[in-house]
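Add chain B to chain A, keeping to what the hints say.
Line by line, the protein sequences give chains A and B. The first sequence runs 1 to 116 under the numbering used here. The second sequence runs 1 to 244 under the numbering used here.
Since the hints were made in silico from the structure, they are not lab data. Hints may be right or wrong, so weigh each one.
Stated by the list, open to error - Going by beta-carbon spacing under 10 angstroms, a handful of chain A positions derived as facing chain B:
| hint | residue |
| --- | --- |
| 1 | Ile20 |
| 2 | Ile22 |
| 3 | Ala33 |
| 4 | Thr40 |
| 5 | Gln97 |
Just so you know, even glycine gets a beta-carbon here, dropped at the ideal spot from N, CA and C.
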Amino acid sequence: MWLPIMGLVIGVIIGLLTDIKIPEEYSNYLSIAILAALDTLFGGIRAQLQNIYDEKVFVSGFFFNIVLAASLAFLGVHLGVDLYLAAVFAFGVRLFQNIAVIRRIILTKWSTTSEK
Amino acid sequence: MGRPKNLSFSIIAAIIGLMVAIQFQTVREPEVRDTRDTWQLREDLMKEKELQSKLLLEIRSNEEKIAKYETERQQSKEEVLRETLAELKDEAGLTEVTGPGITLLIKPAFNLIVEGDNPPSVSPDMLKRLLNELNLYGAKHVSIDGERVINTTVIRDINRVTKINGHSLNRFPIEVRVITENGDSAEKLYNRMKVSTVAEDFFIDNLEVIVNRPESTLVVPAYQDTIRIRYMEPVKTDKGGGNG
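So here's chain A without its partners, still in its complex pose:
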């Protein structure tokens, strides 16, 4: 359980220590990619809690979502339409749904354990 959190912390520390910066114009793509990644992460946590977790689905979904979101943003920039908003919307909604589901599962688990 603690290993993923460790991984997150290690990633943040590495990112801050190496002082990597991407050009200003690509920060849009990275932000949308982060959103997609977070969505996948929370989706994975939810699946874990619902016991329908599949590693292949999770890993492939992670990379595929990132690439899809970034390419959608890229297409939007070239079409002159803010297409990345669609990705933001979709991922945002799913993020909220996933978190809500996680909350409910944890709440039910907690209430069942307290009843015992």
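Same frame as chain A, now just chain B:
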């Protein structure tokens, strides 16, 4: 929870963390705002001013050094030698000279030429006489038809064409430029040449000499060729240094 399941989860979490950190760093960059107040700005300005004055001081000291070196150079023997060389070159006629002087024009006197006569030409003797006259009355630098007259200049008749330094004098008018010491001597030379008998001598050869009014800036060209010294060699001093 199986072990590989958790591992992939952690790796992806690490990747997300990395991405978030990078994005954070990229976005944070322009967030660094200038929040200094007036006094801090003043202090910073003071610091910069101090730096500026320091730099100015440095520049000044360097300039002083340059000036010192310059004066040292000027006072050194090398500079004396340089000056002497320049003077000698000037005297020898290897440099272009500008100064006050007069110009003389030698051209055919058409009203004296009878039909059937040979076209007039300047004889070397006449030219030499003119030069002597000019030198007598204070000419410093002379050029004839663009050819500088120096100590070793030869004026002679080659195949019935008068030549100076190998340059043929067969195109009229021939301009003689004379530079004198100063404006006064130019005036004096002008007056002397006006009353000189040389002009009359030129008349015999069907030539007239026009003496123009003195000019304040006249340019006499440099001697074109190299001066060949064949029969000169330095004097051998008997005892080191000598005193003459």
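Here's how the hints hold up against the structure:
1. Ile20: With a closest approach of 5 angstroms, the A:Ile20 hint holds.
2. Ile22: holds (5 angstroms)
3. Ala33: holds (6 angstroms)
4. Thr40: holds (8 angstroms)
5. Gln97: violated (19 angstroms)
Of the hints listed earlier, the one the structure fails to meet is number 5.
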